[in-house]
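**Q** Throw the hints in and build the complete structure from the sequences for me.
Residue numbers (the UniProt record's numbering): 1 to 245.
It is possible that some hints are incorrect.
[As the list claims (entries may be wrong)] Subject to a maximum C-alpha distance of 27 angstroms in a straight line, what follows is the list of computed DSSO-like cross-link-like pairs (lysine-lysine): (1) Lys2 with Lys95; (2) Lys95 with Lys64; (3) Lys149 with Lys64; (4) Lys208 with Lys141; (5) Lys64 with Lys167; (6) Lys210 with Lys19; (7) Lys138 with Lys19; (8) Lys167 with Lys95; (9) Lys75 with Lys2; (10) Lys167 with Lys138; (11) Lys87 with Lys70; (12) Lys233 with Lys167.
[What the hints assert, rightly or not] Estimated spans, in silico, between C-beta atoms of each pair: (13) Glu164 with Lys64: 27 to 33 angstroms; (14) Lys179 with Gln223: 15 to 21 angstroms; (15) Asn27 with Ile241: 29 to 35 angstroms; (16) Lys64 with Gly25: 29 to 35 angstroms; (17) Val119 with Gly37: 38 to 44 angstroms.
Honestly, the hints are just simulated from the structure, not real lab data. Yeah, the Cβ is synthetic: ideal placement off N, Cα and C, and Gly gets one too.
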Amino acid sequence: MKRILITGANSYIGTSFEKWMQQFGDNYQIDTIDMHGDQWKEKDFSQYDSVFHVAGIAHADVSKVSEETKQLYYKVNCDLAVETAEKYKNDLNGKNGQFIYMSSIIIYGEETNINKKRVITPETQPNPSNFYGDSKLKAEKALIETHNKNLNIVILRPPMIYGENSKGNFRELVKLANKLPIFPLVNNQRSMLYIENLCIVIREIIDKNKEGVFFPQNNEYVQTSTLIKLIAKSTNHNLFILNYV
1 MKRILITGAN SYIGTSFEKW MQQFGDNYQI DTIDMHGDQW KEKDFSQYDS
51 VFHVAGIAHA DVSKVSEETK QLYYKVNCDL AVETAEKYKN DLNGKNGQFI
101 YMSSIIIYGE ETNINKKRVI TPETQPNPSN FYGDSKLKAE KALIETHNKN
151 LNIVILRPPM IYGENSKGNF RELVKLANKL PIFPLVNNQR SMLYIENLCI
201 VIREIIDKNK EGVFFPQNNE YVQTSTLIKL IAKSTNHNLF ILNYV
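**A** As structure tokens, then:
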């Protein structure tokens with residue numbers, strides 16, 4: 001039986017993964033711990049084969065935040081992740097373990113050309129365009145330094161995640177699709193990731209005790225206009241795609 005600890009309570013990804021894994025019954029023991037405050041530091045992490053770190057801050061309007069809020073992003077997205085990994089490594093005391101960090105495609109910066117297909121490959125260099133992406137990238141670099149022969153470090157860089165009750169950018173697209181009567185034709189191609197596909201990837205990473213940087217995404221790229229139209233259709237909302245000439 002694999003023992004997994006999800007660090008970060010009530011996250012969309014963490015709760016979705018835990019729910020999805022229930023289909024495998026007693027093959028996995030999954031616990032979740034709240035990372036607010038200091039009580040989590042008292043827990044013994046050494047009993048777990050994998051720690052899946054989902055605690056973090058995202059989905060901000062990065063143009064309208066104070067310097068204090070920016071520092072909070074670094075504290076939570078970077079410092080807390082590194083502190084958690086170090087605690088796990090110390091608790092293991094030479095035993096083998098695996099630390100999985102939820103990063104984001106945001107480390108590559110925001111899309112600047114909406115009429116261009118954006119493809120991320122292992123050769124694509126990170127280039128964060130705001131403090132949110134920078135906080136994630138700094139965490140990645142610091143976590144990789146914690147790696148040793150006993151602790152495998154996994155970095156996940158997913159694109160926009162969607163699924164039942166999803167949050168973030170996809171939820172904003174749903175709001176637009178159900179509100180606007182007209183949406184412009186956008187000739188872009190963007191990657192997305194269905195939440196269950198992410199769960200499949202995470203389970204395989206845990207089962208095979210993998211390490212490294214991963215770029216999970218759906219096989220197909222999608223046009224934003226097409227996505228908006230499909231969402232509107234699913235809720236019986238009339239929306240027209242307008243092609244500006």
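**Q** Indicate, hint by hint, whether the structure satisfies it.
**A** Against the structure, the hints:
1. Restraint check for Lys2 and Lys95: the C-alpha separation of about 15 angstroms stays at or below 27 angstroms, so the hint holds.
2. Only pairs whose Cα atoms come within 27 angstroms are accepted, and Lys95 paired with Lys64 is rejected, the gap being roughly 45 angstroms.
3. With a C-alpha separation of about 43 angstroms, the suggested pairing of Lys149 with Lys64 is violated against the 27 angstroms cut-off.
4. Taking the CA atoms of Lys208 and Lys141, the gap is near 23 angstroms; set against the 27 angstroms cutoff, the hint holds.
5. Between the alpha carbons of Lys64 and Lys167 the distance comes to roughly 20 angstroms, so the proposed pair stays at or under 27 angstroms and holds.
6. Between Lys210 and Lys19, the direct Cα distance comes to roughly 22 angstroms. Compliance with the 27 angstroms bound is thereby established for this hinted pair.
7. Between Lys138 and Lys19, the direct Cα distance comes to roughly 30 angstroms. Violation of the 27 angstroms bound is thereby established for this hinted pair.
8. Between Lys167 and Lys95 the CA atoms are separated by roughly 36 angstroms; this puts the pair beyond 27 angstroms, and the hint is violated.
9. A threshold of 27 angstroms between alpha carbons decides the hint, and for Lys75 with Lys2 the separation of about 30 angstroms lies outside it, so the pair is violated.
10. Note on Lys167 and Lys138: the hinted pairing holds, with a Cα-Cα distance of about 24 angstroms set against a maximum of 27 angstroms.
11. The straight-line distance between the Cα atoms of Lys87 and Lys70 is roughly 25 angstroms, inside the 27 angstroms bound, and the hint therefore holds.
12. The straight-line distance between the Cα atoms of Lys233 and Lys167 is roughly 20 angstroms, inside the 27 angstroms bound, and the hint therefore holds.
13. A C-beta distance of roughly 29 angstroms is found between Glu164 and Lys64, which places it inside the suggested range of 27 to 33 angstroms.
14. A beta carbon spacing of about 20 angstroms between Lys179 and Gln223 agrees with the range 15 to 21 angstroms that was offered as a hint.
15. Taken as a hint, the range 29 to 35 angstroms is violated for the pair Asn27 and Ile241, whose Cβ atoms sit roughly 46 angstroms apart.
16. A hinted range of 29 to 35 angstroms is violated for the C-beta pair Lys64 and Gly25, which are about 46 angstroms apart.
17. Remark: the range hint 38 to 44 angstroms for Val119 to Gly37 is upheld by a beta-carbon distance near 41 angstroms.
Hint check: violations occur at hints 2, 3, 7, 8, 9, 15, 16; the rest are consistent with the structure.
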